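> Using the sequences provided together with the hints, build the complete structure.
Mind the numbering: the sequence shown is residues 1 to 138 in the working numbering, read in order.
If you are wondering where the hints come from, they were derived from the structure by calculation, not from laboratory data. A couple of the hints might just be wrong.
Stated by the list, open to error - Ranges between beta-carbon positions, derived for each pair:
1. Ala49 to Ala109: 12 to 22 Å
2. Ala93 to Asn59: 29 to 39 Å
3. Arg74 to Arg18: 13 to 23 Å
4. Ser110 to Lys52: 20 to 30 Å
5. Arg111 to Glu40: 28 to 38 Å
6. Lys34 to Arg73: 12 to 22 Å
7. Arg111 to Glu33: 17 to 27 Å
8. Asp107 to Asp15: 13 to 23 Å
9. Arg95 to Arg37: 17 to 27 Å
10. Ala109 to Trp42: 19 to 29 Å
11. Thr71 to Gly48: 19 to 29 Å
Just so you know, these numbers come straight off a predicted model, no measurement behind them. Idealized CB from N, CA, C, for every residue including glycine.
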Amino acid sequence: MTTFPLPSLEPAPSDEPRFVAAVVQLTTTQDPEKNLRMAEAWVTRAAGAGAKLIVLPENVAYIADDDRDETKRRIAEAWFDVARARMGALARALRVTLVAGTYPEPDPASRRVFNTLLVFGPDGGEVARYRKIHLFDI
1 MTTFPLPSLE PAPSDEPRFV AAVVQLTTTQ DPEKNLRMAE AWVTRAAGAG
51 AKLIVLPENV AYIADDDRDE TKRRIAEAWF DVARARMGAL ARALRVTLVA
101 GTYPEPDPAS RRVFNTLLVF GPDGGEVARY RKIHLFDI
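Listed below in structure tokens is the structure:
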């Protein structure tokens, strides 16, 4: 059996370039405001520790056992633009790239709700958006 040495976990010497990324895991609830505050607190903490790239999980703003289409649509209509604005402002304030997780986004052309991933650059501008096209309906 061949073994390979594990890389050192020691920080790089200060004269070498260093890149810090953070991955945040949350326990999302049915309360979008509470969930966004919790995400904002963890992103702020990660940035304070030097992270320049911060990644949030799926379903940041809302998750529930009762996942009926009308409930998801109501949450999406009330919270998508709010969450998008807050996460963009947070990325700008902290000067980080923020993969802000996924949020329910209403599709204006139908009654569907997308599970949409948002990414913001250090200037707070949205740099990417990915909409899942199959939401457990196959």
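> For every hint, state whether the structure bears it out.
Okay, the hints, checked on the actual structure:
no.: 1; hint: Ala49 to Ala109: 12 to 22 Å; verdict: violated, 42 Å
no.: 2; hint: Ala93 to Asn59: 29 to 39 Å; verdict: violated, 24 Å
no.: 3; hint: Arg74 to Arg18: 13 to 23 Å; verdict: violated, 44 Å
no.: 4; hint: Ser110 to Lys52: 20 to 30 Å; verdict: violated, 38 Å
no.: 5; hint: Arg111 to Glu40: 28 to 38 Å; verdict: holds, 30 Å
no.: 6; hint: Lys34 to Arg73: 12 to 22 Å; verdict: holds, 21 Å
no.: 7; hint: Arg111 to Glu33: 17 to 27 Å; verdict: holds, 25 Å
no.: 8; hint: Asp107 to Asp15: 13 to 23 Å; verdict: violated, 51 Å
no.: 9; hint: Arg95 to Arg37: 17 to 27 Å; verdict: holds, 21 Å
no.: 10; hint: Ala109 to Trp42: 19 to 29 Å; verdict: violated, 34 Å
no.: 11; hint: Thr71 to Gly48: 19 to 29 Å; verdict: violated, 35 Å
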